[in-house]
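Could you build the full structure based on these sequences and the hints that come with them?
2 protein chains.
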Amino acid sequence: MLTLYDYLDSGNGYKVRLLLAHLGRDYTLVEKDIMKGETRTPDYLAMNPNGRIPLLQLDDGSCLAESGAMLNYLGEGTPYLPNGGIERARVLQWMFFEQYSHEPPIAGARFRMRHKEQTDEVKAQIEALRAPGEAALGVMEGELAARDWFAAGRYTIADIALYAYTHVADQGGFDLAAYPAIGRWLDRVKAQPGWFPMLAPEEPGVA
Amino acid sequence: MLTLYDYLDSGNGYKVRLLLAHLGRDYTLVEKDIMKGETRTPDYLAMNPNGRIPLLQLDDGSCLAESGAMLNYLGEGTPYLPNGGIERARVLQWMFFEQYSHEPPIAGARFRMRHKEQTDEVKAQIEALRAPGEAALGVMEGELAARDWFAAGRYTIADIALYAYTHVADQGGFDLAAYPAIGRWLDRVKAQPGWFPMLAPEEPGVA
Numbered sequence: 002m003l004t005l006y007d008y009l010d011s012g013n014g015y016k017v018r019l020l021l022a023h024l025g026r027d028y029t030l031v032e033k034d035i036m037k038g039e040t041r042t043p044d045y046l047a048m049n050p051n052g053r054i055p056l057l058q059l060d061d062g063s064c065l066a067e068s069g070a071m072l073n074y075l076g077e078g079t080p081y082l083p084n085g086g087i088e089r090a091r092v093l094q095w096m097f098f099e100q101y102s103h104e105p106p107i108a109g110a111r112f113r114m115r116h117k118e119q120t121d122e123v124k125a126q127i128e129a130l131r132a133p134g135e136a137a138l139g140v141m142e143g144e145l146a147a148r149d150w151f152a153a154g155r156y157t158i159a160d161i162a163l164y165a166y167t168h169v170a171d172q173g174g175f176d177l178a179a180y181p182a183i184g185r186w187l188d189r190v191k192a193q194p195g196w197f198p199m200l201a202p203e204e205p206g207v208a
Numbered sequence: 002m003l004t005l006y007d008y009l010d011s012g013n014g015y016k017v018r019l020l021l022a023h024l025g026r027d028y029t030l031v032e033k034d035i036m037k038g039e040t041r042t043p044d045y046l047a048m049n050p051n052g053r054i055p056l057l058q059l060d061d062g063s064c065l066a067e068s069g070a071m072l073n074y075l076g077e078g079t080p081y082l083p084n085g086g087i088e089r090a091r092v093l094q095w096m097f098f099e100q101y102s103h104e105p106p107i108a109g110a111r112f113r114m115r116h117k118e119q120t121d122e123v124k125a126q127i128e129a130l131r132a133p134g135e136a137a138l139g140v141m142e143g144e145l146a147a148r149d150w151f152a153a154g155r156y157t158i159a160d161i162a163l164y165a166y167t168h169v170a171d172q173g174g175f176d177l178a179a180y181p182a183i184g185r186w187l188d189r190v191k192a193q194p195g196w197f198p199m200l201a202p203e204e205p206g207v208a
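From first to last, the protein sequence lines are chains G and X.
For reference, each letter of the first sequence is one residue, going 2 to 208 in my numbering.
For reference, each letter of the second sequence is one residue, going 2 to 208 in my numbering.
Just so you know, these hints were derived from the structure itself, not from any lab.
Every residue, glycine too, gets a C-beta built ideally from N, C-alpha and C.
The reader is advised that the hints may include incorrect statements.
FRET-style restraints, in silico, Cβ to Cβ [as the list claims (entries may be wrong)]:
| hint | chain 1 | residue 1 | chain 2 | residue 2 | range |
| --- | --- | --- | --- | --- | --- |
| 1 | X | M2 | G | G174 | 44 to 52 Å |
| 2 | G | E122 | X | G25 | 47 to 55 Å |
| 3 | G | L200 | X | T29 | 48 to 56 Å |
| 4 | G | E77 | X | D121 | 46 to 54 Å |
| 5 | G | P205 | X | E203 | 52 to 60 Å |
What the simulated footprint calls covered on chain X by chain G, stretch by stretch (three residues with Cβ under 8 Å from a Cβ of chain G suffice, anywhere in the stretch; the number is not a length) [as the list claims (entries may be wrong)]:
| hint | region |
| --- | --- |
| 6 | 58-67 |
| 7 | 71-83 |
| 8 | 100-114 |
In silico SDA-like links for lysine to any residue, alpha-carbon gap of 25 Å or less [as the list claims (entries may be wrong)]:
| hint | chain 1 | residue 1 | chain 2 | residue 2 |
| --- | --- | --- | --- | --- |
| 9 | G | K124 | X | E122 |
| 10 | G | K124 | X | A132 |
| 11 | X | K37 | G | E135 |
The structure is reproduced here in structure tokens:
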């Protein structure tokens, strides 16, 4: 059975758990508290030298890091990932956009507001993330004003990747009321079979 | 014919041009000077709302953003990208690692040293990128101490993605002498058929 090492407040981990729920796949969940350094122990670094969650351990004991790689691995051959061509490339375009332009400001502001003492330095860091975060949301809004889903005309792992931190962007101080097309898309994602809320009392599929 | 919009000092663009050279594919190159705001004009934003280079325009006029997506699109069905399974996921793991953990500090320090006035604020920004950049290089060094290539036992787009900014990391103040396994890997990449240097006087394949 698959084992997922995760910190449940992480949107990156939620992406993988959401896809596993859509797919109806069972897995073992091992929680690692990043705030207590549990991903920086020698044992954990032996599994993932980059010291991050989520981390997916396969049946043979080998580990796969990076939520984007896991979504592609688990999505292969399912409706959540096109088989190839420009549609598959478009999925990846949005997933790389998410990791480079979207997640750093939006998850970064949220993390600092939820887990850091609000010193002047931390407040300044959050303030510096405002403009790039709004820019990323603006790019999403423009896209979603023209279409229902980010790629391939259907719900894919690109939507899952962008949903995770967008739907809790308010926890980083971003006001989604300014982005009506994003709001409608969030509702569409929430209506997908198998959807469950982040930080749910009981995670689906957890053995 | 493919058209690549690019800024030649960008490692992200170099990744795509390097793969095109390996594949022996011709393309039209359109230079956009990011320092002069040429990727923020209305015409450019209509092609890429995220306002970044590189941008790949296909024969039908549609555009693909994100170098990682382009490498996967162009690499599909070639030896540079495994067909599927864990090997393909491993390629993506390293490509997402590059965009999230490696490129921001390493390319970020290089960009600020090459293109920004060295004010106290900019110097402090560069200093703050030192530790995450060294951490990313440390992860690469550990991997390359154990194997020649990042995925699938051969040179893939994961190596291309990581090579682009690693081989010019010294321009961001990182001393690669501390990373001997990375040094040997850089030599192996340089020995690949079709390799050409970043900022070459004549770009291979440019029509």
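These are the hints, each one checked on the structure:
1. Here the CB-CB span from M2(X) to G174(G) is close to 46 Å, well matched to the stated 44 to 52 Å.
2. Between E122(G) and G25(X) the beta carbon distance is about 51 Å. The supplied range of 47 to 55 Å therefore holds.
3. Checking the proposed 48 to 56 Å range against L200(G) and T29(X) shows it holds: the Cβ atoms sit about 49 Å from each other.
4. Our hint of 46 to 54 Å for E77(G) and D121(X) holds, since their Cβ atoms are close to 49 Å apart.
5. For the hinted restraint 52 to 60 Å between P205(G) and E203(X), the CB-CB distance of approximately 56 Å keeps it satisfied.
6. Taking a C-beta to C-beta cut-off of 8 Å, the region 58-67 of chain X contributes 5 residues in contact with chain G, enough for the three needed, and the coverage statement holds.
7. Here the region 71-83 of chain X counts 4 residues with a CB under 8 Å from a CB of chain G, which clears the bar of 3, and the coverage holds.
8. With 5 residues having a Cβ less than 8 Å from any Cβ of chain G, the region 100-114 of chain X passes the three-residue criterion, so the hint holds.
9. Between K124(G) and E122(X) the CA atoms are separated by roughly 17 Å; this keeps the pair inside 25 Å, and the hint holds.
10. With a C-alpha separation of about 22 Å, the suggested pair K124(G) and A132(X) falls inside the 25 Å cut-off, and the hint holds.
11. Our distance criterion of 25 Å between C-alpha atoms is met by K37(X) and E135(G), whose separation comes to about 23 Å.
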